[in-house]
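First to last, the protein sequences are chains A and B.
Each residue of the first sequence is one higher than the one before, starting from 1 at the first, in the numbering used here.
Each residue of the second sequence is one higher than the one before, starting from 1 at the first, in the numbering used here.
Calculated directly from the structure, the hints in this document are not laboratory data.
Be aware that a few hints might be false.
Here are a few chain B residues that sit away from chain A, every Cβ distance over 12 Å (derived from the structure) [to be verified]:
id : residue
1  : Ser149
2  : His158
3  : Asp196
4  : Ser290
List of simulated lysine to aspartate or glutamate pairs, EDC-like, C-alpha gap at most 20 Å [claimed, not checked]:
id : chain 1 : residue 1 : chain 2 : residue 2
5  : B       : Lys21     : A       : Asp296
6  : A       : Lys9      : B       : Glu474
7  : A       : Lys90     : B       : Glu90
8  : A       : Lys90     : A       : Asp57
9  : B       : Lys21     : A       : Glu70
10 : A       : Lys9      : B       : Glu443
11 : A       : Lys73     : A       : Asp348
12 : A       : Lys90     : B       : Asp91
13 : B       : Lys19     : A       : Asp300
14 : B       : Lys342    : A       : Glu370
15 : B       : Lys21     : A       : Asp300
16 : A       : Lys497    : A       : Glu464
17 : A       : Lys90     : B       : Glu79
18 : A       : Lys9      : B       : Glu473
19 : A       : Lys74     : B       : Glu107
20 : A       : Lys73     : B       : Glu107
21 : B       : Lys19     : A       : Glu295
22 : B       : Lys19     : A       : Glu47
23 : B       : Lys242    : B       : Glu260
24 : A       : Lys92     : B       : Glu90
25 : B       : Lys356    : A       : Glu370
26 : B       : Lys19     : A       : Asp346
27 : B       : Lys21     : A       : Glu295
These figures come from a predicted structure and were not determined experimentally.
Yeah, the Cβ is synthetic: ideal placement off N, Cα and C, and Gly gets one too.
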Amino acid sequence: MPRDYSNHKSLGLPLNTMVKEARILMVGAGGIGCELLKNLVLTGFGEIHIVDLDTIDLSNLNRQFLFRHEHIKKSKALVAKEAAHQFNPKVKLEAHHANIKDSEFNVDWFKGFTMVFNALDNLEARRHVNKMCLAADVPLIESGTTGFNGQVQVIKKGVTACYDCSVKETPKTFPVCTIRSTPSQPIHCIVWGKSYLLSEIFGTSEDESKEMDHSEDSENAMEIEKLRQESQALKKIKEAMGTSEFPQLLFDKVYKDDIVRLRSMEDMWKTRRPPEALDYATVLKTAEESALVKEDVIKDGQRIWNLEENLLVFKDSLERLSARLQAEKEKAAATADSAEPVITFDKDDEDTLDFVAASSNLRSLIFGIECKSRFDIKQMAGNIIPAIATTNAIVAGLCVLESFKVLKGEYLNTKEIFLSPFAPERLLNPDRMRRPNPDCPVCSVAQTRVLVDMTRATLNDLVEDFLRMELGYGEEFSVSNEAGLLYDPDETDNLSKKLSELGIEGDSFLTVIDDNDTNPRVNLVLNIQESKSPLDDIPIKALDLRPKVDLDADFSLSPIPRRPSKPKDEVEPVDITNGNGNGHDNSTPTATNGNGTVVENKTSSLKRQAVENLGGPEKRAKNAAKASADDDVILVDDDGSILID
Amino acid sequence: MTEVVADQTPPILKGPSDKEKKYDRQLRLWGGQGQQALENAHILLVNSGSGVVGIETLKNLVLPGIGKFTILDTETVSETDLGVNFFLDEDCLGQPRAEACTALLRELNPDVEGEGHLLEKDGLSGYLQDHHLYTLILFSYPIDPTSLSRIEEYGKKHRIPLVSMHSSGFYSYFRIILPGSFPIVDTHPDSTATTDLRLLTPWPELSQFAAGLTKDIDSLDAHAHGHIPYIAILLHYLKIWKDENGSFPSTYKEKTLFREKVSSAMRTDTPEGGEENFEEAIAAVLKTVSVPALPGSVKEVFDYEPAEIDADSNFWIIAKAVKAFYAQHNQLPLPGSVPDMKAQSTTYVQLQNIYKAKARQDVAEVIKMVRTHPHGKEIDAGEVETFCKNAAFIKLIRGPDASPQSLGEIARKEFRSDEEAAAWGGPLSLFPIYLALRATSHESSMMVADILSEVDASIPDVTSNEHLKKVVEEVARAQGGELHNISSLTGGMTSQEIIKIITKQYIPIDNTCVFDGITSRAQIFRT
Chain A
1 MPRDYSNHKS
11 LGLPLNTMVK
21 EARILMVGAG
31 GIGCELLKNL
41 VLTGFGEIHI
51 VDLDTIDLSN
61 LNRQFLFRHE
71 HIKKSKALVA
81 KEAAHQFNPK
91 VKLEAHHANI
101 KDSEFNVDWF
111 KGFTMVFNAL
121 DNLEARRHVN
131 KMCLAADVPL
141 IESGTTGFNG
151 QVQVIKKGVT
161 ACYDCSVKET
171 PKTFPVCTIR
181 STPSQPIHCI
191 VWGKSYLLSE
201 IFGTSEDESK
211 EMDHSEDSEN
221 AMEIEKLRQE
231 SQALKKIKEA
241 MGTSEFPQLL
251 FDKVYKDDIV
261 RLRSMEDMWK
271 TRRPPEALDY
281 ATVLKTAEES
291 ALVKEDVIKD
301 GQRIWNLEEN
311 LLVFKDSLER
321 LSARLQAEKE
331 KAAATADSAE
341 PVITFDKDDE
351 DTLDFVAASS
361 NLRSLIFGIE
371 CKSRFDIKQM
381 AGNIIPAIAT
391 TNAIVAGLCV
401 LESFKVLKGE
411 YLNTKEIFLS
421 PFAPERLLNP
431 DRMRRPNPDC
441 PVCSVAQTRV
451 LVDMTRATLN
461 DLVEDFLRME
471 LGYGEEFSVS
481 NEAGLLYDPD
491 ETDNLSKKLS
501 ELGIEGDSFL
511 TVIDDNDTNP
521 RVNLVLNIQE
531 SKSPLDDIPI
541 KALDLRPKVD
551 LDADFSLSPI
561 PRRPSKPKDE
571 VEPVDITNGN
581 GNGHDNSTPT
591 ATNGNGTVVE
601 NKTSSLKRQA
611 VENLGGPEKR
621 AKNAAKASAD
631 DDVILVDDDG
641 SILID
Chain B
1 MTEVVADQTP
11 PILKGPSDKE
21 KKYDRQLRLW
31 GGQGQQALEN
41 AHILLVNSGS
51 GVVGIETLKN
61 LVLPGIGKFT
71 ILDTETVSET
81 DLGVNFFLDE
91 DCLGQPRAEA
101 CTALLRELNP
111 DVEGEGHLLE
121 KDGLSGYLQD
131 HHLYTLILFS
141 YPIDPTSLSR
151 IEEYGKKHRI
161 PLVSMHSSGF
171 YSYFRIILPG
181 SFPIVDTHPD
191 STATTDLRLL
201 TPWPELSQFA
211 AGLTKDIDSL
221 DAHAHGHIPY
231 IAILLHYLKI
241 WKDENGSFPS
251 TYKEKTLFRE
261 KVSSAMRTDT
271 PEGGEENFEE
281 AIAAVLKTVS
291 VPALPGSVKE
301 VFDYEPAEID
311 ADSNFWIIAK
321 AVKAFYAQHN
331 QLPLPGSVPD
341 MKAQSTTYVQ
351 LQNIYKAKAR
361 QDVAEVIKMV
371 RTHPHGKEID
381 AGEVETFCKN
391 AAFIKLIRGP
401 DASPQSLGEI
411 ARKEFRSDEE
421 AAAWGGPLSL
431 FPIYLALRAT
441 SHESSMMVAD
451 ILSEVDASIP
461 DVTSNEHLKK
471 VVEEVARAQG
481 GELHNISSLT
491 GGMTSQEIIK
501 IITKQYIPID
511 NTCVFDGITS
521 RAQIFRT
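Isolated chain B, as found in the complex (with noise of 0.2 Å):
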């Protein structure tokens, strides 16, 4: 009504939101709901040791907007500070750490709330009561042993995921702690691998659409020939293979067999000396015929039984019900997306339309299997939906406590490997920086014959590596103090897993990650 627009007095035009137009970068990996979800987050750092890996994690966090920040630390500024961490200055000496970080961590991003607090002694339990209070806790090592226990007590409690970090010299760690499960649904997988186009298992009106286009395949003239969409050419020489062999092709040397057949028919009489519909059919070949085996994955999420507290879950509710569906159909949900390929543009939306549609249907039928879950009421259709597109890239990260391995088991497996890379001038193992880091978890400044009592006293028989002791005078002769760099580049890295696991976007690692900065090199193991 642009009448009544010109009546109104101003017209204040608004585009997108200042908010909007400061996070434009990111929304574009993580879109508002992730942006949602790391607005609702409160992050509590408990910062010990010289304290910059958590400083720097934290400023990641801050710089794409979390809700809030608490910071606990029972330091104070000194000289040695201002030389390493980067959110303090000359004004601070002498003050609560925590206090002045969070002063200049709150100037880079006037959205985020946070507080900081100088910790007495003891003073943790003081903090970790409420326990809707944090989304997320962050600690750094080396941190006092009843601290630790606090935290993890806590942690497996309330069912945060903790997240630890430990940087000492060239080396450092991160590691993430995720209670019980933890299902994530917006994987984003690469578009290339969610191509899903039923090409053994086509529905009716798939099959008729296709039979339609390529009715009187070698009769038609040159422009509708070389604009049958790929989809159809290979249905259409599918069914002329079943008819002959009396199945799909399904060995390696039948798909090639069977490409061959699809190459011969090629028109070749044209002024490219081919066409580009049927090169996009030939290409597919190998990728989508084929019956899409249920992924290992999702599998998992199938078989496992989650804890009673989770089972009502809007994840597990739809879960179970697509298990169902998968049960009934064997196959999952059809994604409903078609790639991009030479057709009409009629015919492509057509064959877009058809895919939908049975997406659409195949939605439906999950909603109603949800719908019969006494909590399934409420779930929202759109999130099912999502669900659905997605089934064949859900994934479940187990928490530590799952399927547990040895330190020893992962040394002696990591030396193991190192012998054979001995051989080849292979890389080493990075396991040794973890033992070597852990064993100073509660002491900054260790000697050498220290630490390697330490580690001897939790992992026997492996002291005696080389490699690991060299590792661990390395970690002596750092005496616990941070390299700006290398904390920031690890809280680079924990950050960045972080916002994966507070937006459940994303696969985030499994679930220790070692960083060697002598040689720029990065391993996880699942500790």
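With the rest of the complex left out, here is chain A (with noise of 0.2 Å):
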């Protein structure tokens, strides 16, 4: 009996030919992607390109099966794709060790796949794939699971909600007064330990900036200019970084006098616990007379340490930071790199994780709150989010079920299923397909690709020729990208410019917002495509629209569709195909903090979004998110923790 006799008889032979000639993307191959390749593979998918940006890690193995401990530290697209490849050679394999963002997957290269799967753990990376799958118009599979939880979705343009169409929470950040100056809780301290000192000692300390908000307000500029002072007082200590007395240094710096300075500002503890400064020599003498033993402290890292513990572990994983960053020096010195090398945080690191461990509960033993042990302090430092070869192997085997139904075309039919661990009825939770949001930022938009003589084309081509001549748009109207506005109204210094000197490339997206009052049309995203020789005649145009139209005959003859009025008649209504209507409430995933702290969703207007969503203003692009696929996460991936990565 040939290979392939299982799938040709329950497949039968029109789907067991379009799976044959299918051309698959994944993105990610962590978890389930590793799953899911086993079964793309075994289901016979002809073609499979894999793209994932991370390397192998040795807490992978529990659950990565093309991995193994041999392959820690090689590229995982590329491990998974050979692993793959000796189970069916007739699969044409492709891997990318790159990272999906980069342009070399432009909007083209998407077109070229049947179907996309995302195997992803972060919310950026996502968001990017999502966008890229509207653009292209090519379907999409979306999945992610945490412990034992997990979900399913098929994204179609136009067809079903995108990934977008329901708002995602944010990651948390913390006020910069509340991390520097009144920590409440365990989290507080640990991003003090990791964001702040960390990064300060061993870092370019410009890292801080993403989970703490340093924005001013007249009640909090005289503290942040006092913390200033502190940050560069604490450089010039970093100088005695290599010395027998760099730890005392630094310990009485931050653990001492700045406790003591911020204990003087009696107002800030009217109302709260003043914080109680240690000091060095003392502790270090409890910490000898108590014969600890440095070793078995840092081996346990389950329990909770007392404060001559975290004393003894802060002193000595201070110092193996040390030691590295002064051989990184000499190594660079020595190759004339004129990178500044840097240590940053890395959950698997154990240097790392050990300092921000001490550092931190010395901190939470100051201000009087509880301590916690170092186990705990990775997953809340480090965004950890739990991650098992079950959920994995349940959600991977549902993706490859709906993309029967996406190669037949039966959008439809497509489910959006949660699994439903512990309901005692069900394991699964299947919801019908849900529209598309037609307020979606993302996805409820008009998009075009322009075709463009970056040689020539100014910005006030796009805007009086283009967009108000060749669309009809009016006086009111914006234009922005990733780096942020370029055109309004009240913002016309750039019209003069070219488009290659806003640093508008070929691939990139500019998104048009429109502010006419009455009847305004959706947003419009435009994909910027390079012409490879000069126009002859006008320097941009586009290549998806509809040609011109007579737009002095009427007026809302425009290519781009008008946003529909509100109130929309156009409500979902609830789905009651499981008779209980709630079948996201099952499965809806907690924080994995563990700090209880709350999450809020950031409603933001329509338009802001808009603009954040094609890749976002300046943080958003500086954090570029890692396509990778280490640890497979759903909706609330982010959520109430604090970035890593």
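Assembling the complex is the task here: the two chains are given apart, and the hints tell you how they should meet.
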């Protein structure tokens, strides 16, 4: 009997043929990715491309079964490809050890696939692939897991809801004063240890901005200025790194002098317990008297360390990190490498983890906050999401089942499936697919590619000739890209500049937002295609829009549709497929950061979201997320926790 | 002693072990104890049929690190196997399937021991003699009737959980047969469900502390008033309510009125126009102002008479003591945790300590009762503490022999509800899938008529059902062939439940899960 006997028989000839002819893109080769690749290969899919920028870590091996101990530090995409190839040499496999956000993976490249599977672990990359698949009009199967929970969703432009049709929770940030002056929870001290102290001493100190909100107002302006001076003083102490005095200098600076200064601000402690400074020599003396063995303490990461134990780990990890940085610096000097070596937090780098654990606990002790074990701190600082083989197997299997419907074009039959591991009557909770949200800033936009002669096209060509003349836009609208606003009626300085001078490149996106009060158009997303040779007539041409219509005859005949008028009458009815109408609730994963903080949904205006989702303002771009698939996450992946990577 | 440390050469600094690192992501779910249970487990897989679902299940157990597995299989590797089984390759052709799969599965995790043996005809009894061998037996259909009854007898005799699986075409099911009674202490309830504040039965320390905080509640300054923990707020107004009405608010209407009373006591002349702690108090009224009733699942444990062989187990000794505690106090031991709330840290810590002290006191009382049992001396105090903490959520799962329901009864019930579902276009029952697959338990390739007559033989009067007929046609069409994807998915669900059973954490399904890969639905039946 031939190898695909079962597939042929159960799938039937037409579907089995479609499977064999399909070109698949799988983004992420982590937990779900390994399972998915195995299932795709054994279901007989003809061609599979794998993209993942991550390398294999020891903590992957409890579920990412295509990887072995000897593969640690190697590319996930490449190793997964090799492993899967052995089991079905007939399948065409291609691996890219790269970031899916790289420009080589442009809209045209996405258009080459029959469908895309997301097997990712982070919101950024998910949003990116969602956007690209919408732009390329390629169906996307989105999935994620957290512990025992998981979900699968089919995304097809204009037919089903996209990833951003529902508001996703954004990562928690903390006001800088909470972290630096008035912590009240363990997480505040952990963020301090990781994003302030570690990065000030061993990093570039710019990293800290990610999870700290530095916005100033009249109330905290003075305190923020003080904090700046404190950081400056810390930089001085940094120069003592490598000397035997360094641990004491640093300790007494951050745990004594800074605390004494903080305590002197009496207003701050009227309603709070004032912090109690610590003295290095005193604590060290007690530690010596209690005959603690450093190695025993460091081995015991499940137990909560006491003051003296934390000091020992603080001192020891500081010395380890200092030695490492010194060595790096010497190496850099020898090779005339201009980049300043840094050490950044990595949950799997024990030196940094020990340092963050001990330094955050010491701070907790000062502020009368509960201490945490290193095991717990690792989870809180590293944004660790539990991940197991079983859940990945279930979710990957469900993805492939949905892919059959996608191949047959049966989008209305697709399901949004949630695992419900603790519901006694069923383990799965399939909901009917959702329709696109007409207010979605990502998919309820008009999209078109525009061919641009980058050698001469100016912003004015785009604004006046293309948008106003060609598409019929009125006076009130704005043009922006991920770097920010480029044009609006009050921002006309850029008009005479060439697009290339404004940093606009081929394969990038521009968003046009119609601000007309009456009957505005939906947001328009332009995908810039650089023309290979200079264009003869006009420098900007639409590629996907129908040819110019007589705009004067009827102004509403713009090729860009208008926003639906509100209130909408097309509200999706609550799904009753399962007779309970709340399929989502069963599987709503809980925050895994263990600190009980509540995450607020930040619902911003339509306009603002549009810009953010396009890849976002400065901050977002700087944090450029990894398109890796380490730990397969769902809806609330970044929920309530702090950012890592 | 840093000096001493400095002298030691060279300092070998060891953080978490490699094992802890490898299993980090799962330890955060089932902890060290759960992991230890997995590592002590030995799973037997009696593999038959086309043999994929069993291997896929085993894969998900080898990865998280079970101690050992044994595979028994009568087959040798064929070309068809290579198309569906990921743990076989070209080089395995012609080899015994059990050995070939064992070799590739073992590569997944060097910490796991594994052996695979070619099963001779009637050779199963040789492997089912010593009762200490296996933690759980896993087998797949179709299987020959003799082997099936061997496994069932063995499981019953040695009280070993059995898990059977059947995957064919787009359909599958798995079924768990637990021996006698299967109690679970660590059920991992939802953290919001575990709040037990005892607001209607406060003990003296709590009452006094709360009263101290609310003594001059109306004259407190804005800050103090806005930082009274909501527990104290509710206790204060409950006392007033009782003084006025003679009893605590008990009906929904009374509680709503009480909530309004608390709400009206909130100061609104604040910059925010309200007080967070009062908001918390208002939100907590309906959930916390009630005497917790004894949960049905706990009552089941209290009422259950364990078999003689079980009665001296730690679980039942502690359960008996907790039952006595309940009889005496009319409430379970206090779990002792306090949810996050708006309060000054010092006050909050004091409050936590009051609840913790009471919880410890309750545990001590239960331990005292446990120690009176002849075998209670050796029971670890920590185990009693865990039991008390989870007392409201303990769960007993009974084997299929308890309160049996015939397949005919289930079928008739399911078909009746299908008629209603048809009226509004709801999904149909998956029970026909179980009936059709069950009819092919011993033979993979059967004709429609044969399957129907097999169903009819065990459950009369159901074969006229149109839905069942369609399902039977689909089963006949698959001819027992497995789709890798369906078997992988089924293996995922099965191994998930097996992990719950081995770790004795979380509540496993009771007891049959049927999966339909055409509609991506699963349904659970007790069969």
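Violated constraints from the hint list, given by number and in increasing order: 8 and 22
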